[in-house]
Structure formats: C-alpha cells, structure tokens
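2 protein chains.
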Amino acid sequence: MGIVVPLNPDKEQKPSVEALIRLTKPGMGQVNDLILKMAGANVDMIPEIADYLISSGGKRLRPMLTLAAADMCGYEGDGHVKLAACVEFMHTATLLHDDVVDESDMRRGKKSARMVWGNQASVLVGDYLLGQSFRMMVEVGSLEALDILSTASSVIAEGEVMQLVAAKNTATTEDEYLEVIRAKTAALFSAAAEVGPVLAKAPQAAKSAFRSYGTNLGLAFQLIDDALDYGGSAADLGKDIGDDLREGKITLPVVLSYRRGSDADRAFFDRVLMEGDVQDGDLETAIATMKQLDALKDTVERASHYGAVAKDALAAFPDSNMKKSLLETVDFCIYRGH
Amino acid sequence: MGIVVPLNPDKEQKPSVEALIRLTKPGMGQVNDLILKMAGANVDMIPEIADYLISSGGKRLRPMLTLAAADMCGYEGDGHVKLAACVEFMHTATLLHDDVVDESDMRRGKKSARMVWGNQASVLVGDYLLGQSFRMMVEVGSLEALDILSTASSVIAEGEVMQLVAAKNTATTEDEYLEVIRAKTAALFSAAAEVGPVLAKAPQAAKSAFRSYGTNLGLAFQLIDDALDYGGSAADLGKDIGDDLREGKITLPVVLSYRRGSDADRAFFDRVLMEGDVQDGDLETAIATMKQLDALKDTVERASHYGAVAKDALAAFPDSNMKKSLLETVDFCIYRGH
Chain A
1 MGIVVPLNPD KEQKPSVEAL IRLTKPGMGQ VNDLILKMAG ANVDMIPEIA
51 DYLISSGGKR LRPMLTLAAA DMCGYEGDGH VKLAACVEFM HTATLLHDDV
101 VDESDMRRGK KSARMVWGNQ ASVLVGDYLL GQSFRMMVEV GSLEALDILS
151 TASSVIAEGE VMQLVAAKNT ATTEDEYLEV IRAKTAALFS AAAEVGPVLA
201 KAPQAAKSAF RSYGTNLGLA FQLIDDALDY GGSAADLGKD IGDDLREGKI
251 TLPVVLSYRR GSDADRAFFD RVLMEGDVQD GDLETAIATM KQLDALKDTV
301 ERASHYGAVA KDALAAFPDS NMKKSLLETV DFCIYRGH
Chain B
1 MGIVVPLNPD KEQKPSVEAL IRLTKPGMGQ VNDLILKMAG ANVDMIPEIA
51 DYLISSGGKR LRPMLTLAAA DMCGYEGDGH VKLAACVEFM HTATLLHDDV
101 VDESDMRRGK KSARMVWGNQ ASVLVGDYLL GQSFRMMVEV GSLEALDILS
151 TASSVIAEGE VMQLVAAKNT ATTEDEYLEV IRAKTAALFS AAAEVGPVLA
201 KAPQAAKSAF RSYGTNLGLA FQLIDDALDY GGSAADLGKD IGDDLREGKI
251 TLPVVLSYRR GSDADRAFFD RVLMEGDVQD GDLETAIATM KQLDALKDTV
301 ERASHYGAVA KDALAAFPDS NMKKSLLETV DFCIYRGH
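Respectively, the protein sequence lines represent chains A and B.
Residue numbers for the first sequence, in the working numbering: 1 to 338.
Residue numbers for the second sequence, in the working numbering: 1 to 338.
These are calculated hints, taken from the structure and not from any lab test.
C-beta atoms are modelled at their ideal positions from N, C-alpha and C, and glycine is treated no differently.
Fair warning: there could be bad hints in the mix.
[Stated by the list, open to error] Only some residues are given here: those of chain B computed to face chain A with a beta carbon under 7 Å: (1) 158; (2) 160; (3) 165; (4) 169.
Could you build all of it, start to finish, from the sequences and the hints given here?
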C-alpha cells in the first residue's frame with residue numbers, strides 16, 4: 001500500500017542546484033541581510049532599485065560559489081559572507097549597466113530597471129552598488145581577494161566593450177566570441193570561486209582549482225544561456241526568447257551557423273543582425289537554420305566540454321556533500337540547454 | 001631703460017594654479033605616463049575614449065592634490081603617483097557617466113565622448129576606468145587609502161543619485177544642495193588630498209587637515225562652477241554658459257533666487273527648470289534675476305567661506321612653497337567666479 005519513494009533518488013532526478021542552495025543556506029541568509037543593509041542609502045531610490053533587482057529571482061549562483069569554495073577549504077571566519085555580497089553587487093551593477101547598453105526592456109521576466117526608473121538612475125545606482133561592493137571588500141582586508149575582485153571588475157568592463165565593438169559583426173570567430181564571454185561572464189564566476197580558498201589561506205593548488213572551476217562553469221553557463229535564447233522556453237529563462245536576435249547580439253549559435261551555412265543563410269544573418277532589419281518570422285527562420293546546421297546542439301556540446309573541465313578542476317578535493325553539490329551545479333547548468 | 005619686472009609679483013598678480021603645477025610637475029609626468037599605460041586595453045576603443053577625455057585639457061587639480069599632500073607630509077615612495085592616477089580615473093569615469101545621465105553634448109568645449117562614441121561606450125569605458133582605478137589602488141596596498149577611495153566612490157555615486165532625484169525640484173533647500181555637492185564633488189577632492197598623508201603615515205591631525213582642505217576646496221570649486229554657468233565666459237570655462245539651466249539642474253544660484261524672488265520669479269524658474277519649457281531669452285532673464293537678487297554674488301560669497309575654511313585647515317603646517325601653492329589654489333578657485 002502507498003507510494004514507493006526511492007531513498008536515493010539522485011540517479012533518477014534531473015540535475016539541480018537544490019543541494020548547493022541547501023548547503024549554503026545559513027551563509028546565504030547572512031549574505032541577503034548584508035545585501036539589504038549595504039543597498040541602503042540616503043536616497044530612497046537606491047534601495048528601491050536594488051531591491052527590485054536583487055529580489056527579482058536570480059539564483060544567486062555567484063555568491064553561493066564563494067560560500068561553497070570557502071567552506072570546502074575549511075574557512076571559519078565571516079569574510080566569505082561579505083565577499084559573496086560583493087560578488088552579487090558587482091553582478092547586479094553589471095546587469096543595470098547592461099540593460100542600458102543593450103536597451104533591454106525586460107530582465108528575468110520583469111520590466112528592466114531602466115524601464116521603471118530610467119537609464120539615468122540605472123547608470124548611477126550601478127555605480128553606487130559597485131562602490132559599496134569595493135567598500136565591503138576593503139572591510140574584509142585581504143589584499144589578495146581585493147586584487148582578484150578588482151581585476152575581475154575591469155576585465156568584465158573590458159569584455160562588455162569588446163562585445164559592443166563585436167556587436168552586429170557576423171564575421172566574429174568562435175575564438176573571438178570565447179574571449180568576450182571569458183571576460184564578461186566567466187571572470188566573475190572565476191573570481192567568486194577563487195576568493196573562497198584565498199580567504200581560507202588554502203594552498204595555491206586549491207586557489208587555481210577553484211579559479212578554473214569558476215572560469216569553466218562561467219563559460220558553460222553563458223553558452224547555455226546563448227542556446228536557450230534560441231530554444232529555451234520563456235517560462236524557464238524568465239526572459240523572452242529571441243532577445244539576442246532582436247538586439248543584434250552575436251552569440252555562438254550565430255557564429256557557428258554563419259560559418260557552416262550557405263550564402264543565403266549568411267545573407268539572412270547579415271540582414272537581421274548587422275543591418276538590424278528584423279522581420280516577422282525571422283526568429284523562427286533563425287532557429288530552423290540553427291537546428292539544421294546543428295548550431296544549437298553543438299553550442300550545448302561546447303558548453304559540456306567546459307563543464308567537464310570545471311568538474312575535473314575539483315577532482316583532487318576529497319569527496320564531500322559540498323563538492324558533490326558543486327559538481328551537480330555544473331550538470332544543472334548544462335542540463336538547462338537540452 | 002628697459003621694463004621693470006617686479007621681483008615679487010605675487011601681490012599684483014591674479015591668483016593662479018601655476019605654482020602648484022610647477023611644484024608637482026615631476027610627479028605629474030609619472031602620473032600621466034601611468035594614466036596612458038593603464039588606459040590601454042585589448043580593445044582599441046578604450047584607450048581612444050580615455051585619451052580623448054584625459055588629454056582634453058582638464059587642469060588635473062585632483063591628482064595634483066594627492067601629490068602635493070604626500071609631498072608636504074614627507075612621503076618618499078611612489079604610491080602617491082598611483083593613487084593620483086586612480087583619482088584622475090575615478091574623476092574621468094564620473095565625467096563619462098555624468099554626460100550620459102545629463103545628456104550633455106559638450107564637455108570642456110569639445111563634443112562629449114557620448115556624442116562621438118555613443119552612450120553605450122561611455123557607460124562601459126567608465127566602468128573599465130573605475131575597475132582599473134581599483135586595481136591600481138590595490139597595487140599600492142594601503143588598506144587605509146583603499147577604504148578612503150572606495151568610500152569616496154560610493155559617496156560620489158550616491159551624490160549623483162541625490163542630484164538626479166533633486167533634479168528639476170526648485171524647492172530644494174540650500175542645505176539639501178550642499179549635501180549633494182558635498183557627495184558628488186567634494187568627496188573626491190577630500191579623498192584625493194587625504195590619501196597623501198595616509199601614504200606618508202602622517203599623524204591623524206595631518207590626515208584630518210588634508211581631508212578638510214580637500215572637502216572645503218571641493219565645495220568652493222563646485223559653487224564657483226555653478227556661478228560661472230550663469231556668468232562666466234564660454235572661453236574661460238570651456239563649456240557653454242547656460243548648460244545648467246537647459247538641463248534643468250538646480251544649483252545654488254537657482255536655490256537662492258527661488259527663495260528670495262517674487263511669485264513671478266518662482267513661476268519663471270518653475271516653468272524653465274521643473275517643466276523644462278526653455279524659451280529664447282530665458283538665460284538672460286535668469287541671469288538678470290540672479291543679479292538683481294544678489295544670487296550670483298552670494299554664491300561666490302558662500303564659496304569664499306568654504307575657501308577660507310580650506311586655507312585654515314592647513315594653517316598648522318610649517319610654511320613651504322608647496323603649502324603656499326595649495327593656499328593660492330584656493331584663491332584661484334574663488335577668483336574664477338569674480
């Protein structure tokens with residue numbers, strides 16, 4: 001009688017971040033409190049915008065990486081909570097500025113902040129969050145962590161400029177594109193993970209391992225995001241599919257399709273992405289072309305490659321629930337793309 | 001025979017920053033080299049924009065303050081050169097973002113960067129310069145200087161948001177306005193000056209003195225700038241007079257005129273600044289009203305007050321050419337407004 005619930009359902013379940021969320025829950029509670037406190041300001045508009053973005057349902061993967069990495073390296077202080085909040089502030093500042101730069105109307109299924117408060121406030125509140133982020137880092141007092149996070153901050157901005165320059169250029173190569181996402185996305189994942197062992201004063205090998213885990217997870221994450229923009233469901237992603245096409249963004253599915261396709265395919269992508277002449281049915285055409293040329297499948301394939309590198313980066317660490325959750329997080333990121 | 005040149009022309013000359021420029025010249029040469037090096041990037045657009053702004057003829061008052069303060073406190077290392085470059089980068093990043101927020105077409109008599117490269121690049125290159133600025137600070141390795149500069153960074157952004165919220169609000173009080181400029185302008189002058197004694201490991205009294213000098217010089221500088229926007233010549237300022245009026249910016253001349261004026265005067269400022277309905281002849285009307293109500297004269301008067309406080313802040317330091325040049329710099333800033 002009754003339903004048989006498997007005691008160890010792992011193998012039958014889809015990969016998920018639930019384990020990571022559960023294991024970092026106490027620390028993330030403190031991170032959230034700190035975020036709310038540090039988003040406060042003498043001007044009401046700042047916490048309003050910060051709350052809007054921060055409570056808008058991102059998974060907070062980056063700060064969880066900081067907590068998990070510090071934990072796996074035996075860190076016992078509270079600096080990891082502050083650095084995790086820094087990482088989330090840096091990410092939020094980037095989102096605010098990105099939406100202005102991309103002229104995005106939506107973000108995670110809600111109106112973007114710039115549509116609610118305007119471009120001006122989005123630029124300035126982004127600057128404020130970045131400033132607060134640096135103040136928190138300085139409080140922690142680790143010059144090594146400061147070096148890692150401040151370097152990430154300028155690398156991210158450099159990556160965004162690279163993307164802006166590459167924008168609408170359908171001749172972008174796969175390597176050039178990888179250089180962009182290595183800077184604009186992977187650098188923050190990498191820094192978020194590396195500061196954990198840095199705080200724990202772990203050996204160089206541990207720092208390098210987490211740096212590599214973060215970089216490769218970030219690359220995989222971004223590539224899957226790119227694929228989802230042409231194939232995911234709006235409900236899953238929380239954003240409309242086809243945004244990248246409409247914004248003229250060159251991502252890996254486009255890079256692959258452009259190289260593999262016919263002259264007619266190239267003419268299509270040139271019209272839509274370079275000239276910005278987007279017509280009804282273009283998204284469907286793009287998706288059909290990408291499927292026919294295996295561009296979406298191979299984008300996920302490339303992501304799996306980086307995912308595998310990320311997992312191997314942690315191979316030398318002894319088994320633990322935290323390690324297991326970080327490995328599963330990689331699978332989860334890849335799985336979203338299937 | 002011949003022309004008699006007075007040997008000590010100080011009393012007969014207009015106050016100038018030439019002495020400060022001369023005394024900080026060797027250090028500023030290194031600052032300029034470092035600025036060019038750190039503005040370099042893997043994307044050509046970044047140094048292009050940075051050079052455009054950095055070579056566009058600002059006086060570089062802020063980095064000179066850092067060098068002068070370090071020198072007066074007997075500092076002998078080279079960290080002051082790096083921190084001076086940081087301060088200039090922070091300032092340049094703020095200019096880039098300000099022009100986007102204010103939708104300014106001109107900056108120091110040239111097209112603003114956003115008019116040449118667009119808003120998108122201005123936002124992102126500003127972020128990049130801020131990131132590079134933090135990297136240089138971290139290299140210097142003084143946590144106390146990092147604390148001062150990172151706090152300034154978030155205070156500046158907070159001040160900009162305050163200004164955005166106060167924008168077009170003609171009912172802004174003088175105290176509210178002072179709070180805005182204390183954050184958006186004086187905080188960087190203050191930090192620029194304070195990190196000098198910090199690097200030199202000078203006693204707390206010296207740090208406080210330079211902090212106070214910077215803050216009050218910054219307030220005076222901004223108030224004179226505000227007055228000049230209604231009375232200076234475009235040639236001197238390198239920007240068109242009347243910018244603040246056209247952009248609906250509330251500055252002290254407006255605050256004073258609005259309070260002192262008649263109902264008709266208030267209706268005028270409400271139409272122009274709150275409603276943004278700027279008509280031909282409005283600038284002339286505004287200037288005439290401000291003159292009649294002594295609003296420009298008293299803005300300069302207020303600036304003189306802060307200038308006097310700035311000079312007294314350095315009173316306890318022994319006489320030196322550097323000290324004299326810093327005192328003259330205060331007079332120079334005020335003198336511009338007459």
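Practice problem: Please flag the earlier hints that this structure goes against, numbers listed from lowest up. | Solution: 4
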